[in-house]
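Undergrad: Here the structure of chain A is known, so what remains is to put chains B, C, D and E with the ligands in place on it, guided by the hints.
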Amino acid sequence: MSAAPKAAIALLILLALVPPAAAAIGDPFLTVIATRMAVFAIAALSLDLILGYGALVSFGHAAYLGLGAYAVAVCARHGITDLFLQMGAAALAAALFAAVSGAVSLRTRGIYFIMITLAFGQMAYFFFVSLSAYGGDDGTALAARSTLFGRAWLENDTAFFYMVLACLALAYGGLDRLVHARFGRVLTGTRESELRMRAIGYRPFRYRLAAYVLSGMICAVAGVLLANQTEYVSPAYMAWTRSGELIVMLLLGGVGTLAGAMAGALVTVGLEELLAGWSEHWRLCFGLILLAVVLWSPAGLTGLLRRLLAGGRR
Amino acid sequence: MTLLAVRDLRKSYGALAVTDGLSLDVAEGELHAIIGPNGAGKTTLIAQLSGQLAPDSGSVTFDGTDITRTDMASRVRAGLARSFQITTLMPAMTALENVALAVQGRSGSSFRFWRPVAAEAALNDQAMTCLAQVGLADRADRPAAAMSHGEKRQLELAVALACRPRLLLLDEPLAGTGPQEAERLVALLEALKGQVTMVLIEHDMAAVFALADRISVLVYGQIVASGGPEEIRQDPAVRAAYLGEEAC
Amino acid sequence: MLSIEGLEAGYGTAQVLFGIDLAVAEGEAVALLGRNGMGKTTTVRALFGLIPARAGRIAVAGRDLTGAAPHRIARAGLGLVPEGRQIFPTLTVEENLVATARSDGRPRWSLPRIWELFPRLAKRRRNMGDQLSGGEQQMLAVGRALMTNPRLLVLDEATEGLAPLIREEIWSCLIRLKAEGEAILVIDKSLAQLSRFADRHVVIEKGRTVWTGSPAALARAPEIAQRYLHA
Amino acid sequence: DPVKVGLLLTLSGPPAVLGEHARDGALLALKKLDGKLGGEAAEFLVTDAEGKPDIAAQKARRLVESDGADVVIGPIFSNIMAAIAGPVTEGGAFLLSPNAGPSVFAGEGCNPDIFVVSYQNDQPDQVMGEYASGAGYGSVVLIAPNYQAGMDHLGGFKRTYDGDITAELMTQLGQLDYSAELAQIAAYQPDAVYAFLPGGMGVNFVKQYQQAGLSGIPMMSSFTTDETTLPAMQDAALGMLSSGSWSPDLDVPGNAEFVDDFIAEYGRVPASYAAYAYDAVMLLDTAIAAAGTEDRDALREALRTVDFPSLRGKFSFGANQFPVQDFYLTEVVQRADGAYATSAKELVTADYVDAYADACTAE
Amino acid sequence: MANLFLLQLLNGAQFGILLFLVAAGLTLVFGIMDFINLAHGVLYMLGAYLMAMFALETGSFWLGLLLALATTLVVGLVLEWLVFRRLYDRPHLDQVLATFALMLILSEGVKILWGSAPLNVAMPELLSGSIPLAGPLRYPVYRIAIIVAGLATAAGLWWLIARTRAGMLLRAGASNRPMVAALGTDISRLFLLVFALGAMLAGFAGALVSPVLSVDPGMGDSILILTFVVIVIGGVGSVKGAFAGALLVGIVDTVGRIFGPIWLKLVMDPAAATQAGRVLAPMLVYLLMAAVLSWRPNGLFGRPS
Ligand SMILES: Nc1ncnc2c1ncn2[C@@H]1O[C@H](COP(=O)(O)OP(=O)(O)OP(=O)(O)O)[C@@H](O)[C@H]1O
Ligand SMILES: Nc1ncnc2c1ncn2[C@@H]1O[C@H](COP(=O)(O)OP(=O)(O)OP(=O)(O)O)[C@@H](O)[C@H]1O
Ligand SMILES: [Mg+2]
Ligand SMILES: [Mg+2]
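Protein chains in written order, with the working numbering: chain A, 74 to 387; chain B, 43 to 290; chain C, 124 to 354; chain D, 93 to 455; chain E, 97 to 401.
Bound conformation, chain A alone (with noise of 0.2 angstroms):
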């Protein structure tokens, strides 16, 4: 095996021994902190997979949180309150969202498609601003937690908790088959040279549409966990910020990776909470570590522990 699975699995063990850690501490907010890590860990993740391995820089990817937040309420308001649905129905929708916008967005490469993706991204929260009967821009709150199989097991935080985290350690397994199998191999090739991909055959825009639309949807499922842990939903987790702190995430953990992606939003995540907590003027502090880390390691937090791992062998 190689560095980067083992460190994926060493955090989802990290996460995983947070629930009991909080209890012996008496502090049952780590669980909260470390259920939020694991739903944006899931949100990284699918953009690194467009990101990462297509080179498709999407500006808009908040998009699909909200949409996964909204099917949500949606849901709810019509009497859906299993989880597994709301999934389903979530991901049908950010399916449907990407498979629109995808087709348009793909004809563009590089700055252009970062740019026509936040459009997108934009006009969904823009609707979803207007939408009236969701409370506008306000939002609205959820009633309570999704259901499963009829209970509301949910309302447990820590059962809340290992939900969330196996559909993190499903989302990488699932995604880190799919990198290394024949249609991850095709995705980075056309990352690498489209001309050449077709040169040997192959339709660029098929593979991209389609990863970027299993992006979204793993995307949006990461929106219906947040949207229960916060039980409220709102347009501000769409909003063009939203976006550009995902893409931080990633590029903090290192890109290309999925244990990076993993890395960059739990270290963010945590980062957050801890520099809020010690100061007002925390997102100073932030943006000095964030430029630190730019500086002097190209490849974020992967490239810096894959450089310690090289030291320690050399």
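Don't read these hints as lab results, they were simulated from the structure. Worth double-checking, as some hints may not be accurate.
Stated by the list, open to error - List of simulated lysine-lysine pairs, BS3-like, C-alpha gap at most 30 angstroms:
1. D:K250 <-> E:K361
2. D:K96 <-> D:K406
3. D:K437 <-> D:K250
4. E:K336 <-> C:K246
5. D:K123 <-> D:K96
6. D:K406 <-> D:K437
TA: Chains B, C, D and E with the ligands only, in chain A's frame:
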């Protein structure tokens, strides 16, 4: 039998007619060289034959089917592959991965999400064979980005070969390779002759005259002469416009 | 004019050059020979400061320029025709030529002379760099280097992709330049042309200078060519 | 154990200044009380809601579950209120709002653990509508950003205004340039303009309003010209009208002292956010003095009924635990010290009960 | 009606020019140098804050403007020297992360220095007042000054990029820095100067709009996306494109906002039109961008990649 038939192909950039009513037949099994001055439109022709560029008018027929409007991928699947004059590879991937991807392209669906591709022996074996053919066997695990210019040129050819085409469009495959590697590649093309039909664009006259069954001379969008190597070598107009003294 | 001693360089953790010795005298033409991947281009990159030299010394016209910034090395009088052309795609042909043009008082090369040398370029002067054909780009790369009016011209596969006539044109141009006293360091695949043109051959193998001598000497030592060039 | 009070306010991003006023008002009150609430040692946990509902909800949970806050004072914005109401009240704490008073919590959704110390969101607009009708403005152009709150505020004005609405101009959230709207206003020549343009939008609009030479048309607004934006508008805002239940020059015992202390401490004239947060702390102090913190029900009852020294003079809660209070017309003036502030000009409605209170049947 | 339409067209164009002014610095750094600078917005904000500070200190608009320009230039130089030069040869995404970090640092810094309340900048005597326009409407002189400044910046920038040697080298360096250096040009110094110029242009825009717009901690963020939209619609790398993009965004935004609902009412029933107008109005700019890019994937004047 004519494998590739080009009729009255035209392509202009503004006032510049890069392909100017060009017609060309390539017979099955032959190695057809196209020579001509820089900027004559050779690469542009290949681009149109391979589907990278759409011609303004005219038609391209491959194996009896009109492919003028089909996309690159379908042409490759129909058996028409190309190499690029300006090296076009997957830089972050290793030489083996570059070639294996081409093998994968013609061996089953790529919408497979589960099985690790690196473990697919069939892909790797075929890819290794192609690498060995161009003399890059010992560079299999090196990322394309970390190869020297000449090595990249060799890899470029290996990728095209891995498509197992019926018609191979080669755009200056020997450019940038050293004398020894050029010799090896010429031998390789010689060996492929007969199995694969080839359109060869090359400024290395020694290779062209050694390999070609037929040569067409392309000057500013039009074919001005066509014939066997000897015929072309002796053609005074070709000598004046293109060959100069070197060919003697 | 140029002296390189014990040059070592590489990419990242991979070392490619292990000791290159190379000298070019005023007005001398030197050919750098070696098979694909032996380090010719790497030598040129290190010479121009584009990758750092890990050991060794580079001096131009007696001035030690080891570790100097690329533009300072170039300004010492070096002109480069890089491998792979490296045309500026967003500049027109004419802009490609004038953007980096320079002369220290005695300009021998100017736009009209380049147009004269490459009439094909003159026709395409308003086109963008990346709209040129491969050969046209190569001409432009040569022209661009000439426009810096160098005292030492470094050509890395400058005739790649050029039609035979143009190739001849370039060789005769180089011969004229040499006659005018210009020093030239050339890498090319045509051993025959190099032997006619160069005063000296330097053969490298796996990043080391393994043989230096005149073309005549190389002709007299076929085992050298056999061993290092397989020609 | 000290009494722990979470201050959950938006302290970053463009609207940070509102949260800062509220925070400073609360801290000033605590200082005045020597750091004690109802005689018990108190600790304020200042927390940034960051203007994002999900983050605010998380922080609310942290305050209540992890830090053990008994009371949360906050937030500034209604959407944050909706997100934190659950976590705070279900976690066993009381929520005291120093600004946001959304209708969801005023009617059927009223909550015995939520006290809105400011006003119900619709009230300032309705008061302006009444004033505009009374002042004889026959035609008014309305302008607000194109989002829910904008709709709601214009709706509030329309509810009580009986003249002609010449046009409703919906602008973009965060809009910079208003020349198109100003051209329309100039073309319509209404008797007055009514605007809801909070924050930077209001600053842009008011400056450009004056520069376009429209100062001749009276401008009324809500949440547009207050002490948080006036430092940036200055002369451009002089004479502009709005409404409120408090102003820095309101003649009520203790108010002048509060304003002077605030200026001395923080170097700026307090806005209503500061005053309401100050009131919230004073209310809490009085209630704890009366009922202690052990018995939650007793404290709730005390919060609802105690008579505390409000900067608004008489103050009482309605059935929905929103205030019943007087509303004034206020005008932008320049103070003797050169600073700009709102000034209460006349009483428009006394003992104003919000429109939703009847629907509250929590008990 | 037609009159008002023309007037709003003019207003839109004027807003477009204002946008171009703000985007000018970014055109240079992002469009031409090919460097994704998310900190552009905060540099713009910094210009406005410096202007507010210096104008108050010196009591003169003009002196304030001068000092603000000088300071942003210096800030640009320092930032380039400390951060940006390390990033030119890095992938775009590293630039995104680093400049995002700078954005956090600088905007928090501005908040620490000047607080979060919006500030006021008085209009210079010389440019206050307004000239009469159609009917009761007057046009502020200061707006005319902004238009003039925007047009002058556009012309100057175009000249610099298309007509000067520095412009050529800049374009060359953006695509291949090592090659420019190997041909004997000190590209690092050129990049340093141009980056500083870009920062100064951002500061210039901020300083210039400060009498018209709110000087507050959010002013940079809200305009950042819009400036990128402008450049991308026009096509990266083209000054002409940025100008066209700015005008287009200005006009579509303004005219669409005002006339969109009216036009919608012509084709559907009023209630639905109002509703649709509400939903569509804020999306207009983004719809425009998506439409332009799906029609021309490289923007209006961009080069095919
Ligand atoms: N960017 C790079 N990163 C890592 N290794 C490289 C890189 N470029 C070249 N190499 C390696 O360095 C060695 C020397 O390469 P170089 O380009 O100097 O060869 P060369 O003699 O110029 O060959 P050619 O005739 O093919 O151009 C080769 O083995 C090559 O694989
Ligand atoms: N996109 C374009 N716009 C304008 N002119 C172009 C474009 N692409 C190619 N050309 C011109 O078309 C002509 C033919 O180019 P092409 O690359 O086909 O030449 P070629 O025969 O392959 O030459 P070489 O031997 O130098 O590779 C050239 O003069 C080139 O400048
Ligand atoms: Mg060609
Ligand atoms: Mg080389």
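Undergrad: Check whether the Cα positions of K250 (chain D) and K361 (chain E) lie no farther apart than 30 angstroms.
TA: holds, 22 angstroms
Undergrad: Between the alpha carbons of K123 (chain D) and K96 (chain D), is the straight-line distance 30 angstroms or under?
TA: With a Cα-Cα distance of about 15 angstroms, the restraint between K123 (chain D) and K96 (chain D) holds, given a limit of 30 angstroms.
Undergrad: Does K96 (chain D) pair with K406 (chain D) here, judged by a C-alpha cut-off of 30 angstroms?
TA: holds, 27 angstroms
Undergrad: Does K406 (chain D) pair with K437 (chain D) here, judged by a C-alpha cut-off of 30 angstroms?
TA: holds, 18 angstroms
Undergrad: For K437 (chain D) and K250 (chain D), compute the direct alpha-carbon distance and say whether it is at most 30 angstroms.
TA: Roughly 22 angstroms separates the two Cα atoms, so the pair holds.
Undergrad: For K336 (chain E) and K246 (chain C), compute the direct alpha-carbon distance and say whether it is at most 30 angstroms.
TA: Within the cut-off at roughly 26 angstroms; holds.
Violation of the numbered hints given earlier is absent; every hint is satisfied by the structure.
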